[in-house]
Structure formats: C-alpha cells, structure tokens
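Take a look at the letters that make up each chain.
Number of protein chains: 2
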Amino acid sequence: MPNRNYAIVGTGALGGFYGARLQKADFEVNFLLRSDYDRVKKHGLIVESPEGDFTLPQIRAYHDSRKMPQCDVVIVALKTTQNHLLPKILPHLLKDDGVVLVLQNGLNIEPEVAKIVGSERVIGGLCFLCSYKVSPGHICHLDYGAITLGEYTENYKKIGITNRLHQIASDFRRAQIPIKLSGDLLLSRWKKLVWNIPYNGLSVVLNARTDELMANPDTLILVEEIMTEVVAGAKICDRIIPDDFISDMLDYTHKMKPYRTSMKIDYDESRPLEVEAIFGNPIRAAQQGGIKLPQIEVLYRMLKFVNAQRQEAERTRRLLGVD
Amino acid sequence: MPNRNYAIVGTGALGGFYGARLQKADFEVNFLLRSDYDRVKKHGLIVESPEGDFTLPQIRAYHDSRKMPQCDVVIVALKTTQNHLLPKILPHLLKDDGVVLVLQNGLNIEPEVAKIVGSERVIGGLCFLCSYKVSPGHICHLDYGAITLGEYTENYKKIGITNRLHQIASDFRRAQIPIKLSGDLLLSRWKKLVWNIPYNGLSVVLNARTDELMANPDTLILVEEIMTEVVAGAKICDRIIPDDFISDMLDYTHKMKPYRTSMKIDYDESRPLEVEAIFGNPIRAAQQGGIKLPQIEVLYRMLKFVNAQRQEAERTRRLLGVD
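Each protein sequence line maps, in turn, to chains A and B. Our numbering applies: residue 1 is where the first sequence begins, and numbers increase by one. Our numbering applies: residue 1 is where the second sequence begins, and numbers increase by one.
No lab work stands behind these hints: they were computed from the structure. Hints may contain errors.
Same chains, same label: a pair holds when it works inside one copy or across any pair of copies.
[What the hints assert, rightly or not] Mimicking BS3-like on lysine-lysine, the simulated pairs with C-alpha atoms at most 30 angstroms apart in a straight line are: (1) Lys255 to Lys180; (2) Lys41 to Lys133; (3) Lys24 to Lys292; (4) Lys24 to Lys95; (5) Lys192 to Lys292; (6) Lys292 to Lys235; (7) Lys255 to Lys157; (8) Lys133 to Lys42; (9) Lys67 to Lys24; (10) Lys257 to Lys292; (11) Lys257 to Lys79.
If you're wondering where the values come from, they're calculated on a predicted model, not measured in any experiment.
Model the full structure from these sequences, guided by the hints.
Take a look at the structure:
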C-alpha cells in the first residue's frame, strides 16, 4: 500500500510538532499556515526536543487551503476557537476516502466536524503533549507526546477499533509518536477532561502552576471536587470512569514537573481561551442528561469573564498599535 | 440617665468613622489603636465625608486596653482576622452591665464574643458603610453609613427588640448615624451575606469592580446563582429570605457607583482576607444543616489560595525590608 499523505491544518506548537515528525519519517505532509506562512515557507521548521532536535529546512507550506493537494488524512490542529474556519477548509482538502483527524481538546468537537465531512470520515485524537512555539516555525517540545486515537460515530456509539485506526497508528508509530487506540472515544474524551478542566481552569483564574495548585490544601480539595464533577458528567453520558482514576490523576500531577497549562499559556499570550470546548460543552452535555455541574460552571463563567476582559484589552492594544 | 461611654476596639476606616461621629455628638469615646497610635494620639482624627468634613484634634487614644476606663458599650470594629485578640481585651474593658457591639461582617461572629463575655452581653451590628483609611487617623467616608442592630442570644433565638437596643440606637442617631433595629439578628446577617459573598469573593478572584461584574453576562449569572445559594443556606438555618430580595440586591448594585469591595481593598492593601467569617462560617452552617453550597465553596477555596499566596509574599517583603 502506498504511503498516505497528510495535511496539517494549524501549524503551531502541536500541529507543527506532529507534522514535522511525520515528514521526518518520509510521509508527504502539507502544512497550512496563516500568520507564520512567510517565515516558515522560507526557513522551514525547527523542532527542539529531549528526544532529539531536528530541522526541516523545507516543508510543503501553504497559505491557501484551496491550493493544497487532496489528502488521505487531514489533521485539525487549530485551537477550537478557530473551528469556524473549517467549513471553508476541509471539504476540498479531503480525499473521497480520506479521514479528518481532530487533534483538539474538549468535548463534542467531532460532531461539528462531522457536519462538514460526514461522521464516517471523522477520527478523534487526544494529545498528551507539552510543547510551545518559541517563534514562527520554531517549536520546543518539552515532554510527553502520546496520542490516543478513536473512531467517531454519530452520538459516539462505541464501534471499537477499526482497520483504518490501526493504519494511522502505524504511520504515527513510524514517526516515533506513541499511540494508544480507544474503542470508546467519548470515554477517552471525558477521561482527559478529568485533568484538563480543573488544572486549565484554576491555573488561569488563580494565575498558578500545577505545583502551586497541588501544594495548597484548598486548591487540592478543589481540584479533587471538580474532578468528581467531571466523573459525574461522564456518568450521565453513560461513560463510567473508575474511582481510582481521580487518585491516579492526582498522583500523576504531584509527580509532574511544575507545569504551566496550555490554557494558561494561551491566556498569557492573549490568545482566546478554549472555554466552550473544554468547559461549556461538558456542562451542556451534563445538562442534557439532567444534572448540573455547579463548580465547573463557576470556573466556566469566570473564564468567560477573564477571556472577555483580556480580548477587549488585546483589541485596544491592537487598535492603538502598542506592542 | 447619664451618657453612656464608648470604647472603639479597632480604630480603622469603620471604627474610626463611627467613633469620631459619637465623640462629635459629645459622647465619651475611648479609642484603642495599635500601629496608628502615635500619630493619632498626637494629631487626632480627620474625617472627610460628603455629609461634612470634621476634625477631632484630640481624642482619648490608647495603646493598651488595660489602661482604658471600663465602658458601657464596647464596639468591636477590628477585622475578624484579628478576633484572637479579643479574649485579652474585652473582659476588663466592659462594665458589669455593659454590652459588646460587634460591628463585623460575616456569620457566627457573636458566639465567639459570647464565649468571652457571656451571650447576654452581646449585640450584633451590620454596617452599610463605604469608607477607607487614607492614612493613620485620616478617614474618607464615601457613601452610606447606616447600621442594623440586633440582640444576640444563644443559637440566635429571636427575642425581638429590647430596651437597650433602643437606647444604643438613640445614641447613634444623636451622632447622625442612621439605625435600623432587627428582631432577628441571624436573618439580618444572612441577608447581608447575599450581597457580601458574591461581590466580595468575585471582586478579589477576578480583580474586578462591582460595575464590571454587573456588565458581563457570565459574572452577572454567577452573582445571581451564588446569591441563590446564600438564600438556600439561610433557609437551612430556618431563616427565610424572600425571592425578590435577590432581584432587589441586583437592582441596587446596578444603580451603585462603580465600587471596589471591602475585601478587594483588603486584598489590594495586602491585609489578610476575612475568608472564614464571610465564607467559611456560612458554608459550615449550611453543612450542619445537611446541605452543600458548592459554588460558594469554590469561591471560599480560591480566596484561601490567593490569601495564602498574598500573605506569603507580604511576609517575604517584610523580611527583605522592601517597601
């Protein structure tokens, strides 16, 4: 079977990292860029990583998705706050028998993509990656990197592990990216939220790193209570997360190096926060099941407030041309 | 009947204001001070107020409560975070038939004072006052000033309005301080918390004034939901706050001038926050009644976190002698 070709929609700290790894493993990778296009077209990508630094002096960089070749696998690596762009990008970028791989955080992202390309052409992926963009085209990989892949189906009906999941997994593994396969994408998404909701939310609202949240007895209780609410949300969606998963997550975070969450990095960089994908959608999913998640709701509304304040300040800064 | 004499324990923005007004109305007022003692002993008190500025060049200032004369009414106007000092101050300061008037925010403050002087000698007061200390002995009164007075009894049993309440009210009115009398101190305290809990808490955590919290749709919802939890807490303590009280409070705050809450001022000045009196005690009271107040608990734990961080920074600052 010939090599699958890939498209990376959103060449930032995450999409740039995985795309570069795939290209380095000799896959054809087509990168879509916006603000970083000129720089990256000229200079390629630089990846610093504890697993080995490398440079790709030349990449297939595009500024306009309509000029890109059709691909077998289109990886969506934008922030979810940019998903309104997808209806214009995905349809002509995807081969007829291609799939969209959604590498985004949060809940109920796949149904939005399914509306554009059909649910039979959507795969979800959850990335456990610490990386950030040093400058355009220059990515620093700090730690981790594994991806959990799962098939999307309408209403997240479990269909187990398909052949094409195995095929994509094999490509990623060839590119030195550890892959787990999930037969239940919705369960995997809720499990990831057990970590993402408390730490992303509290790190922004309280201006704190993970180690600070773990060292204070009150925020430690809060983290655990919020995790318990996430588990309750999953349960109402018919997904059972075992009790010891929470204590595993707490142990894991205790042992982590002091970590600035991805939402905190977005906040510090004045980027819009992924509030709806990570907080709003789980709250609404639970609500449809008939329960409230009151503590998560506090975080959600606080984040919407600080996000609005920050975006307003950013608009003013841009209008005034201040840097 | 001869004039009652007064003691002010805690001569800050609140105690200094009411004490100065009482002295101006010819009552004997004895002020207990700590860090501001030298300055105020020498220069007296200055009160700026839209109701008229005035100066008291000389006041009965004390640094040591044991040197003060016994008083008919001892007004506790410390922050509740200083209440551990009261067992050493109150017993010898109070006349045998005197009363302690607790002018502090929060819930279940009076039982602590009752342990020191006996519950039959405690009156509670709720101040609706905007004032701040410009410098030692210099108080700026911005707005409002009314006090609601109510008798304390063991377990907050309602005993209606007593004769001595009327007497103290008459003294305060002589000093141009508007007074309301409450026959149910516990109900009055819970009602005040309907405002204090959401606005004090959110203003600190979100670094916001009241007008900013009211203008954003998410914090507006949050304020209302938190108010609803306070009403639920009151109910479990057998105190019914009518539904329209919440919409009245929201209307009232919409019409207020942009306001920095007292807890936000404490935070900005690096003073310890009154977290236990205003948040911890109501949460525990509700818990004893068998209910959780989950959204208030989020605020409570966040405030304990930011308070701990701020106090730690303040200790470091003092150790290093930085200003």
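Which earlier hints turn out false for this structure, listed by number in ascending order? Result: hints 3, 7, 10 break, sorted rising.
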